[in-house]
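Trainee: Go by the hints and put chain P onto chain H.
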Amino acid sequence: MTLLISVISAVVTTIIWYLKDCGNQMKLGTLSLMYWAASLMWMADAVFEYVELQAEYFKPAAADMLNDAFLGVAVVTLGLVIWLVMVLVKDPKGNIRRAIRENKFNQNS
Amino acid sequence: MACFLAPAVEAVAATVASRIVRVKDTSDKASDIIEEGKKSSLKMHFVRRMNWLSNMLWGGSALLAFEHMWHGEITPWFPFLTAAKSSSDVVSMFQEIGTVGVSMAALVTAVWAGMVAVSYHLEKKALQETDAIKQEG
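Here the protein sequences come in this chain order: H and P. Mapping of the first sequence onto the working numbering: residues 1 to 109, in sequence order. Mapping of the second sequence onto the working numbering: residues 1001 to 1137, in sequence order.
Some hints here could point you the wrong way.
Calculated pairs, DSBU-like style, for lysine-lysine (alpha carbon to alpha carbon, straight line, at most 30 Å) [said to hold, decoys possible]: (1) H:Lys27 - P:Lys1085; (2) P:Lys1043 - P:Lys1125; (3) P:Lys1124 - H:Lys20; (4) P:Lys1024 - P:Lys1043; (5) H:Lys20 - P:Lys1125; (6) P:Lys1024 - H:Lys90.
If you anchor each label on the Cβ, the simulated ranges turn out as follows [unchecked claim]: (7) P:Thr1130 - H:Phe58: 47 to 53 Å; (8) H:Glu102 - P:Phe1080: 41 to 47 Å; (9) P:Glu1123 - H:Leu53: 26 to 32 Å.
These are calculated hints, taken from the structure and not from any lab test. We treat Cβ as the ideally placed atom computed from N, Cα and C, and that holds for glycine.
Isolated chain H, as found in the complex (with noise of 0.2 Å):
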């Protein structure tokens, strides 16, 4: 569930960045590579567990579901998170910078 949920926000933000951020201005390009990454890692990881558990792999309890469920929000929330923050830090507008220009400015004047 989680490797589901992590493949379809990585489909979701590479289809975002094709439309609206080709010069990957706003990183949603980054942020669509770690989702892909983390995709990959969980295939790799998914690989294993099947080689060991053989069909069972895909007859997961209830329980176990919803926890991997939970833990795929979790995990696309904190991709969002980073690339928020990497978003406010690299201030690719120049928003913030204009921003504590004029805050200075009239804190002088």
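Mentor: Positioned in the frame of chain H, the structure of chain P alone reads:
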């Protein structure tokens, strides 16, 4: 247990390599860069796209580390990994890093290599098309 450590170690190596390349790029003369751009070898393309690999590895490792924290395999106090408490668990932890962790890092690296190769061919094709338009004009 701690499979994310293998991609995390590779992420450190990729970041260092990416920084070295960036410093070298900015210190090179402009004419050298233009000359290099004309050659635009596949090797240089791979070197210049190291930042993609480091972004993938750091991002993936961070999200995986969170998953391990979720499952109680990472603690905020020493020894940070619950598997490091007993020697038998340490052996299986290293075994997992060696198998699952290395496979994760290898898979991400292979996908990155594929992405770079495709982007190289797309850029080359776009350059050829631009040259053809210029010659026609």
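Trainee: Next, verify each hint and record whether it holds.
Mentor: Here is what the structure says about each hint:
no. : hint                             : verdict
1   : H:Lys27 - P:Lys1085              : violated, 40 Å
2   : P:Lys1043 - P:Lys1125            : holds, 17 Å
3   : P:Lys1124 - H:Lys20              : holds, 24 Å
4   : P:Lys1024 - P:Lys1043            : holds, 15 Å
5   : H:Lys20 - P:Lys1125              : holds, 24 Å
6   : P:Lys1024 - H:Lys90              : holds, 22 Å
7   : P:Thr1130 - H:Phe58: 47 to 53 Å  : holds, 50 Å
8   : H:Glu102 - P:Phe1080: 41 to 47 Å : holds, 44 Å
9   : P:Glu1123 - H:Leu53: 26 to 32 Å  : violated, 43 Å
Hints 1, 9 from the list above are not met by this structure, while the remaining hints are.
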